[in-house]
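Use these hints to put chain B onto chain A, whose structure you have.
The lines below spell out each chain.
2 protein chains.
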Amino acid sequence: MLDQVHQDALAALVGPGGLITDPADRAAYETPARYAGGTAAAVMRPATTTQVSAVVGYCVRHGLRFTPQGANTGLAEGSTPDASGTHLVLSLDRLTGPLEIDPGDRTATVGGGVRLSTLNAALEPHGLFLPIDLGADPTLGGMAATNTGGARFLRYGDMRRHVLGLEVVLADAAGTVLQLSHGLRKDNAAVALRQLFVGGCGAFGIITQVTVEVHHRPRQTAAALLVPRDLDAVPPLLQAFEVEAGSTLTAFEGMSRAAMTRAIDHVPSLSNPFAGGVPDYAVLVELTRTWAPREGEAPLDEMLQQIAADLLERDDGLLIDALFGPVDRMWALRHALSEGLRASGPVVGFDLSFRRRDLARFRREAVLMLEADFPDYALCDFGHVADGGVHFNLVGPADKANDPERRAALREAVLTLAVDGFGASFSGEHGLGRAFQDAYDRFTPRLVQDYSAAVAAVFGTSSASVRLGPPTEIN
Amino acid sequence: MLDQVHQDALAALVGPGGLITDPADRAAYETPARYAGGTAAAVMRPATTTQVSAVVGYCVRHGLRFTPQGANTGLAEGSTPDASGTHLVLSLDRLTGPLEIDPGDRTATVGGGVRLSTLNAALEPHGLFLPIDLGADPTLGGMAATNTGGARFLRYGDMRRHVLGLEVVLADAAGTVLQLSHGLRKDNAAVALRQLFVGGCGAFGIITQVTVEVHHRPRQTAAALLVPRDLDAVPPLLQAFEVEAGSTLTAFEGMSRAAMTRAIDHVPSLSNPFAGGVPDYAVLVELTRTWAPREGEAPLDEMLQQIAADLLERDDGLLIDALFGPVDRMWALRHALSEGLRASGPVVGFDLSFRRRDLARFRREAVLMLEADFPDYALCDFGHVADGGVHFNLVGPADKANDPERRAALREAVLTLAVDGFGASFSGEHGLGRAFQDAYDRFTPRLVQDYSAAVAAVFGTSSASVRLGPPTEIN
Numbered sequence: 277m278l279d280q281v282h283q284d285a286l287a288a289l290v291g292p293g294g295l296i297t298d299p300a301d302r303a304a305y306e307t308p309a310r311y312a313g314g315t316a317a318a319v320m321r322p323a324t325t326t327q328v329s330a331v332v333g334y335c336v337r338h339g340l341r342f343t344p345q346g347a348n349t350g351l352a353e354g355s356t357p358d359a360s361g362t363h364l365v366l367s368l369d370r371l372t373g374p375l376e377i378d379p380g381d382r383t384a385t386v387g388g389g390v391r392l393s394t395l396n397a398a399l400e401p402h403g404l405f406l407p408i409d410l411g412a413d414p415t416l417g418g419m420a421a422t423n424t425g426g427a428r429f430l431r432y433g434d435m436r437r438h439v440l441g442l443e444v445v446l447a448d449a450a451g452t453v454l455q456l457s458h459g460l461r462k463d464n465a466a467v468a469l470r471q472l473f474v475g476g477c478g479a480f481g482i483i484t485q486v487t488v489e490v491h492h493r494p495r496q497t498a499a500a501l502l503v504p505r506d507l508d509a510v511p512p513l514l515q516a517f518e519v520e521a522g523s524t525l526t527a528f529e530g531m532s533r534a535a536m537t538r539a540i541d542h543v544p545s546l547s548n549p550f551a552g553g554v555p556d557y558a559v560l561v562e563l564t565r566t567w568a569p570r571e572g573e574a575p576l577d578e579m580l581q582q583i584a585a586d587l588l589e590r591d592d593g594l595l596i597d598a599l600f601g602p603v604d605r606m607w608a609l610r611h612a613l614s615e616g617l618r619a620s621g622p623v624v625g626f627d628l629s630f631r632r633r634d635l636a637r638f639r640r641e642a643v644l645m646l647e648a649d650f651p652d653y654a655l656c657d658f659g660h661v662a663d664g665g666v667h668f669n670l671v672g673p674a675d676k677a678n679d680p681e682r683r684a685a686l687r688e689a690v691l692t693l694a695v696d697g698f699g700a701s702f703s704g705e706h707g708l709g710r711a712f713q714d715a716y717d718r719f720t721p722r723l724v725q726d727y728s729a730a731v732a733a734v735f736g737t738s739s740a741s742v743r744l745g746p747p748t749e750i751n
Numbered sequence: 277m278l279d280q281v282h283q284d285a286l287a288a289l290v291g292p293g294g295l296i297t298d299p300a301d302r303a304a305y306e307t308p309a310r311y312a313g314g315t316a317a318a319v320m321r322p323a324t325t326t327q328v329s330a331v332v333g334y335c336v337r338h339g340l341r342f343t344p345q346g347a348n349t350g351l352a353e354g355s356t357p358d359a360s361g362t363h364l365v366l367s368l369d370r371l372t373g374p375l376e377i378d379p380g381d382r383t384a385t386v387g388g389g390v391r392l393s394t395l396n397a398a399l400e401p402h403g404l405f406l407p408i409d410l411g412a413d414p415t416l417g418g419m420a421a422t423n424t425g426g427a428r429f430l431r432y433g434d435m436r437r438h439v440l441g442l443e444v445v446l447a448d449a450a451g452t453v454l455q456l457s458h459g460l461r462k463d464n465a466a467v468a469l470r471q472l473f474v475g476g477c478g479a480f481g482i483i484t485q486v487t488v489e490v491h492h493r494p495r496q497t498a499a500a501l502l503v504p505r506d507l508d509a510v511p512p513l514l515q516a517f518e519v520e521a522g523s524t525l526t527a528f529e530g531m532s533r534a535a536m537t538r539a540i541d542h543v544p545s546l547s548n549p550f551a552g553g554v555p556d557y558a559v560l561v562e563l564t565r566t567w568a569p570r571e572g573e574a575p576l577d578e579m580l581q582q583i584a585a586d587l588l589e590r591d592d593g594l595l596i597d598a599l600f601g602p603v604d605r606m607w608a609l610r611h612a613l614s615e616g617l618r619a620s621g622p623v624v625g626f627d628l629s630f631r632r633r634d635l636a637r638f639r640r641e642a643v644l645m646l647e648a649d650f651p652d653y654a655l656c657d658f659g660h661v662a663d664g665g666v667h668f669n670l671v672g673p674a675d676k677a678n679d680p681e682r683r684a685a686l687r688e689a690v691l692t693l694a695v696d697g698f699g700a701s702f703s704g705e706h707g708l709g710r711a712f713q714d715a716y717d718r719f720t721p722r723l724v725q726d727y728s729a730a731v732a733a734v735f736g737t738s739s740a741s742v743r744l745g746p747p748t749e750i751n
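These protein sequence lines are chains A and B, in that order.
Residue 726 in the working numbering sits at position 450 of the first sequence, and the numbers go up by one each step.
Residue 376 in the working numbering sits at position 100 of the second sequence, and the numbers go up by one each step.
Incorrect hints may have been included.
[To be verified] Here are some chain B residues pointing at chain A (derived, C-beta under 8 Å):
1) Arg-565
2) Gln-582
3) Ala-585
4) Arg-637
5) Gly-707
Read the hints as simulated data drawn from the structure, not as lab findings.
Ideal placement from N, C-alpha and C gives every residue a C-beta, glycine not left out.
With the rest of the complex left out, here is chain A:
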C-alpha cells in the first residue's frame, strides 16, 4: 500500500530491519491485546530519537498519516492503524535505550520503548520500583502518553505524578526534538508544556525518552477481603481505613458479586475465597510499609486485623465480614476479574471516573436504567473506589456480540448518565484513543475541544489517533 518511493526513503532513514512491509511481519503491530486491530501501510521502527525525528519529518512533509505505538497494550485504540491500510505505524519498540538508574536520586531515565517490566527488573536490585500497578506490560512512553493509573493510584498517583522529564519529537515538517525538563522534582522556570504530552496520546508529539521518579519497594504487605453491609457502607469504610491506616493504605478495590462470580466460575486457577458464598460486594484492601519490621512495632498484618476487628465490633454494622490470608491469594480474585468476564461472554467495557461521593448513587441509577432498557446485559463492575475509577463492565449474551447498534445504544446510555448526570470522565485511566472519538465529540465541552485543537496546532500536524478536530474560530 506504500508507494515504492516512500518505502525506499523511509527504509533508508531507519536502516536494516527498521521498516516492515511484509503482511505477516506487520501482524504483531496491527493486532492489539484486547480489541480488533487494523491494517498498516507499513511499520516504521526507528532505533534512535534522531531516526524518529527523521521519519516523522518525512511523513509530515509527504502527508503520510502515522500512529505512534508502544507495546500495543492499550485499550482505547490509540496505538493501532485503522482499517484503511493507508496509515503507517510508528513503533517505538527499538527505542530501548537509555536505561539509566540513579538510586540516590530515586529517578530513572529510559527510552520511550522500554517496558515497565524491564524498568522494574533493573530497579529491583536497588530496592526500588515504579509503583504504577497494571495488568499489562506497556512501554514507558506509552504510559506517559496515556497517563496510566492503576490499582495503587490511591497511594502513588498516576503517571503524571512520576514524570520528571520528557524528550519529545513533534509531528511537524522538521521533526523538531524538544527537551522538556531535566529530571528535576521542582521546576517552575517555564510554563508546563511537558504536561500537555502526558496523557496527550500523541496529539502533541511522540515521546522518545522519559525520566521518572521511582519509589522504595514495600517491605511489608498485608491484604484482606472485606464484606461491607451494602454499597452505601463502602465510602465510610474507605474513610475509616484512610484514617486508621493513613499512608500505609495502598489499595481499596471494589468488586461486584457478578464480576467475582464470573471470575470464580471461568478462571480455573482461582478458588472461591468466600466460605459462605460470594457476597453482593467485596473490597480488597491492602496496606504496605516500605520499611522492614522494627522491634516494638506490631507486624502489618496484625495492624490490618486490628483495624478490621474494630470495624466489625462497631455498632454501625458497616463491615459484616473480613477474610485474611496471604497477599497473593487476596489479590488473585481481583486480578482474575477481567479474564473471568471475557470468558463468560462479550464485554462492553467502560473506564469511568467519578467524584468518590457519586459512585454509589450512579451505580443505583445505572442499575435501574439497565434493568429497564438492557435487561439482557449483566453488570459486572469493579473498580478503584478510592480514586473514583470504575470499570463499569457489562457482559452481554453471546448471540448479540455482533450487534453494533445495540452496543452503541448501551454505550450512549451509560455515558450519558455518567458524564451528563454525574460529571464523570469517560476515560479515567486508559487515555484518549480512537475508541473514544464519539465520546469526545459528544461529551467533551466544545470550548475545551476548540482550545485543545488550537494548542495541538501550535505543535504541528497532529499525530493523534483521536481527531481533536480543526479549531473553530476562537473569539
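Structure of chain B alone, referenced to chain A:
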C-alpha cells in the same frame, strides 16, 4: 492615571468598593511582602467570576494592561504592577466564595481569593488539611498560579498534585470563562489544558475557582535535628531515612551553619538548640503518622530515635549527633532562618532546584566561585534536600545593599553555574514573575520560549507579569 471614561466603566462593572483609585487605599495592593512594589493606575476588585470576566474583557478590548493579584505574598514579582503607574491590579481578594468541603470525597472547592489559612480552618473540624506548608498565607488561586511547593513536598508534592479542577477567565476580549474538570481524581478524556494554568502565573488566564484534594491531618509527629559528618553524608542519610521511615518521612530540611547562626543571633525568640555549638550543617527530619497511636505500636518518637540510634552506631560515621525534643522546638530554628537572614543584612535570594545528586557538588563549586569573586557575600543556604530545592541565599554587606550592578553580577554568576552547569531550575517553587524575566530570557531554551509564547497566544492576550515574548516563527 486612569482615564475617567475607563474609571467609570470599570467602577460600573465591579460595583461599590470594587474599584480603588485613591493612592492611600491602593498602597496595600502595591506593596508586596518582601520586595519593592510598584504603582497601579487603579485596583479592580471583582467579587464574582462574572465580574472578573467583565473587567478582563473590558481591559483587553481597550488595551489596558493588568496584573492579577492574590494575597500579594509572592516572591517573584508576579503580583504587583511595575513602576510605570499605567498597569491596573486585578485583585481577587473579594473572590472568597465558594468554600465547599466534602469530607468523604476529601476535596474542597473554593474561590480563587480564599486564603490557605481560611481553607485549613474550615477543614480542621473534619480532621483534614491542605498539606502545602508555607511561610506565608497565600490565596488558593495564587498557589495554583505559582504551583507552590513547601517544606513537606517530599511527602505531599506541590500544588499541581492537589489541583483537581480549575475555573479560569482567559485574558481575551470576551473574558472567556473555561471550566477545566470537575474535581475528578482521574480524567484523561481531554488533553491537559488545566495543567497550563497551574504554575502559569497568569500567562494563560486568571484562576477564579480551585478544587483541591485534601488529606487527613497527622495524628502523631516526631522531629529531630541531625548533625551529619559533612555535606557528602547528607544524601546517604536521606536515603537511609527514606528506607527506614518510608511514607512517614515528611520533611528533611538542610540548614547551613551560616544560616543557623544568623537566625540564632538575630531572632530574639530563638534559643540555640545545640549544646556543643552550631555545627557546619544540620538537618531537620520529621516523621508523621496520620493514624492515632495503636496498641502494640511503638510511639513515633521512639521509632525516630531508634532510626537515629542505629545510624549513630553504624561504622560509616555518616551521622555524628542527633537532638530530640518537642516538634515545635525542632522546627523553630528552621522557621527562623529567613527572618534571621533579613535581620543580618541585605539578602540576595535564590530559589534553585536541582537533581538531588547534584546538590553537594554544586554547593562546593559555588563556594569556590563565591570565595574568588564575591568574598564580601556570605553564603547562608538552606533548603529541601529531599526534593532538590535550595534557598541559596547570600547576605551582603549593608553598604552594598544598593549596588545593583554587583547584585546583578552575583545573580548572573550563581545562575550560570546552577542552570548551565548543573541543569538546575532558577525557579523551584516561587513561580515565574517579573523578577525572573532576565533569567527566563537568558536561560530558558529558545524553543521552549517560542512554544510557550505560541501556546499563550492561543488563549488570548497574555496577562502574565513575565513577558513570554512574541513567538518567533515556529518552523
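Query raised in the report: Would the stated hint for B/Gln-582 survive a check requiring a Cβ distance to chain A of less than 8 Å?
Result: holds, 7 Å
Query raised in the report: Against chain A, with CB atoms and a cut of 8 Å, does the hint on B/Ala-585 hold up?
Result: violated, 11 Å
Query raised in the report: Per the CB criterion, is B/Arg-565 less than 8 Å away from chain A?
Result: holds, 6 Å
Query raised in the report: Do the numbers back the hint for B/Arg-637, that is, is its least Cβ distance to chain A under 8 Å?
Result: violated, 12 Å
Query raised in the report: Would the stated hint for B/Gly-707 survive a check requiring a Cβ distance to chain A of less than 8 Å?
Result: For B/Gly-707, the interface hint holds, since the closest Cβ of chain A sits about 5 Å away, which is under 8 Å.
Consistency note: the structure conflicts with the earlier hints numbered 3, 4.
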